[in-house]
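**Q** Residue strings, one per chain:
2 protein chains.
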Amino acid sequence: MSLLVVGSVAFDSIQTPHGKVDGILGGAATYFSVAASWFAPVRVVAVVGEDFGEEHLRVFANRSIDISGLERTGGKTFRWSGEYAGSMNEARTLDTQLNVFERFAPKIPASYLESEYVFLANIDPILQLHVREQLPQARLVGLDSMNFWIHGKAEELKKILARVDLLVINETEARMLSGDSNLKRAAAAIQKMGPRILVLKRGEYGANLYAQNSIFAAPGYPLDKVHDPTGAGDTFAGGFMGYLAQTGDLSENSLRRAVIYGSVMASFAVEDFGLRRLLTLDPGQIVARFREFKNLTHFDV
Amino acid sequence: MSLLVVGSVAFDSIQTPHGKVDGILGGAATYFSVAASWFAPVRVVAVVGEDFGEEHLRVFANRSIDISGLERTGGKTFRWSGEYAGSMNEARTLDTQLNVFERFAPKIPASYLESEYVFLANIDPILQLHVREQLPQARLVGLDSMNFWIHGKAEELKKILARVDLLVINETEARMLSGDSNLKRAAAAIQKMGPRILVLKRGEYGANLYAQNSIFAAPGYPLDKVHDPTGAGDTFAGGFMGYLAQTGDLSENSLRRAVIYGSVMASFAVEDFGLRRLLTLDPGQIVARFREFKNLTHFDV
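Chains as they are written, first to last, in the working numbering: chain A, 1 to 301; chain B, 1 to 301.
Hints should not be assumed to be uniformly reliable.
For identical chains, the list gives no copy identity; a pair is met inside one copy or between any two copies.
[Stated by the list, open to error] Listed next, the in silico DSSO-like pairs over lysine-lysine satisfying Cα-Cα at most 27 Å (straight line):
#1 Lys-192 x Lys-225
#2 Lys-184 x Lys-225
#3 Lys-159 x Lys-192
#4 Lys-76 x Lys-184
#5 Lys-184 x Lys-20
#6 Lys-158 x Lys-76
Read the hints as simulated data drawn from the structure, not as lab findings. Here the structure is a predicted model, which means the values were calculated and not measured.
Generate coordinates for the entire structure from the input sequences, incorporating the hints supplied.
**A** Shown next, in the form of structure tokens:
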């Protein structure tokens with residue numbers, strides 16, 4: 001089943017203790033769609049500038065990602081620059097140039113309108129709501145957001161929250177959104193705002209899934225070396241929703257497996273800069289790491 | 001099989017967002033032995049002062065903990081005072097009065113000498129080594145330590161590390177001890193120092209077990225309210241070693257279950273101040289929460 005993502009496509013400049021890259025392809029919609037493309041057909045709605053070349057379009061084409069909704073307009077593509085230090089859990093933003101992303105008005109191509117799985121990556125909640133309204137028949141709508149909108153557009157965010165099935169945010173954002181420092185209580189408060197499924201991302205500690213009546217805890221994958229955490233959260237969301245779109249199974253068991261597939265994809269993403277590792281995977285490696293997650297958490301009762 | 005713990009017995013004064021208690025029974029050996037007593041016979045080596053009354057001795061007696069090795073001497077019992085705020089992951093020490101603990105010289109009663117399971121709680125590594133040498137036949141020797149000894153008595157700590165089977169420390173301590181910020185590499189470096197089994201405690205995020213050839217990740221138990229984190233680490237160690245002493249099974253499967261039983265006991269401990277919850281448990285509650293941990297982490301392959 002088809003999976004639609006609306007979000008940013010960007011050029012990133014990144015410095016970590018393991019190296020430095022300049023102007024590589026990134027952005028939430030990019031990481032999401034590449035990760036999800038290992039599971040299901042993906043469609044992208046995003047905007048890029050005149051500096052977006054054939055080589056960048058090929059990245060999507062090579063993964064069979066539908067970019068009919070990728071608008072190319074005058075001006076420059078969104079650029080972000082940041083660095084990671086120490087335990088590398090948080091990026092320090094050095095520079096943000098919104099460029100064409102500043103006036104992003106998502107246009108959904110007619111061919112996308114029957115998409116059953118939709119992910120609204122982190123953009124202005126007004127735009128997220130606008131997209132949501134054009135896709136009333138979607139079976140599962142997922143949402144990401146961030147502190148900037150939680151503080152700056154709380155009312156608009158609440159409106160879109162009431163219209164989604166799934167929210168994928170990190171712990172800090174969950175505490176901010178709910179006003180509660182205890183995560184179990186925060187999760188319950190957020191689920192009352194709309195999303196019946198909540199995934200709390202915990203960085204190197206993994207992710208927790210709050211479903212209708214149960215909690216599922218997935219660990220982080222222990223890695224010798226984290227090269228670049230950029231896009232890990234969007235990659236997680238891509239693996240998660242990609243798996244659900246592939247199977248069409250929204251049972252709790254399936255949601256749990258989706259969390260693990262999201263974690264699998266994120267664990268690959270951080271092994272190298274940008275999209276490198278996600279583009280050189282093969283299905284066998286994905287399955288093998290899924291089994292490693294099982295071995296990492298299994299105990300006999 | 002009998003389990004021996006050497007460590008502190010103290011009076012704690014604790015303030016958390018949920019209340020305040022003054023001079024309640026605490027200390028590493030206390031939390032450890034009470035937690036372990038739900039699984040196996042426990043023996044304590046510790047020192048207390050003249051202010052240690054019948055009511056305190058009764059706490060151990062009621063749990064059938066052997067206190068032949070609890071030395072009562074002139075002076076006052078070790079007193080600690082601290083507070084927790086915010087996410088409550090770390091205590092702020094307000095006052096420490098070592099009192100009789102300052103000259104603690106652990107004496108192992110003859111009746112303890114055949115103990116097969118030994119836990120050396122966080123005390124001076126010189127004393128830990130001294131105890132270890134008196135128990136050459138022990139089947140499993142576990143160790144705890146802290147930043148104070150890692151920095152101040154590095155050489156002495158390395159000597160005792162080379163003589164133990166198990167080390168239970170938190171992530172920050174593991175990074176300090178190994179000099180590596182990456183936990184997987186840190187774990188490998190620490191295992192080379194001696195302990196073939198390493199448990200890294202991660203506070204609310206649970207614990208990771210590094211055994212001979214595999215890693216096991218146990219989540220933290222999601223709680224609505226954490227009343228008091230004091231003693232959670234020692235309680236974890238007590239549940240962990242108590243389970244191993246009960247079963248006598250040191251297979252990897254058993255070590256994994258031990259991590260879960262340690263997590264179960266720690267999750268109870270923090271539900272109320274001091275030892276309150278650990279003293280009012282029943283075996284059915286322990287088994288039920290063990291199953292909840294299974295449900296929290298299970299997914300179908």
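**Q** Now tell me if each hint is right for this structure.
**A** Verification of the supplied hints:
Proximity of Lys-192 and Lys-225 under a CA criterion of 27 Å is satisfied inter-copy only: 19 Å between copies versus 39 Å inside one chain copy. In this assembly of identical chains, the alpha carbons of Lys-184 and Lys-225 lie at most 27 Å apart only when taken from different copies (9 Å versus 31 Å within one copy). In this assembly of identical chains, the alpha carbons of Lys-159 and Lys-192 lie at most 27 Å apart only when taken from the same copy (13 Å versus 55 Å across copies). Neither within a single protomer nor between protomers do Lys-76 and Lys-184 lie at most 27 Å apart by alpha-carbon distance, with minima of 42 Å and 41 Å respectively.
With identical chains, the CA atoms of Lys-184 and Lys-20 are at most 27 Å apart between copies only, with a shortest distance of 23 Å across copies and 38 Å within one. Taking CA atoms no more than 27 Å apart as the test, Lys-158 paired with Lys-76 passes in neither setting, with 32 Å inside one copy and 57 Å between copies.
Of the numbered hints listed earlier, those contradicted by the structure are 4 and 6.
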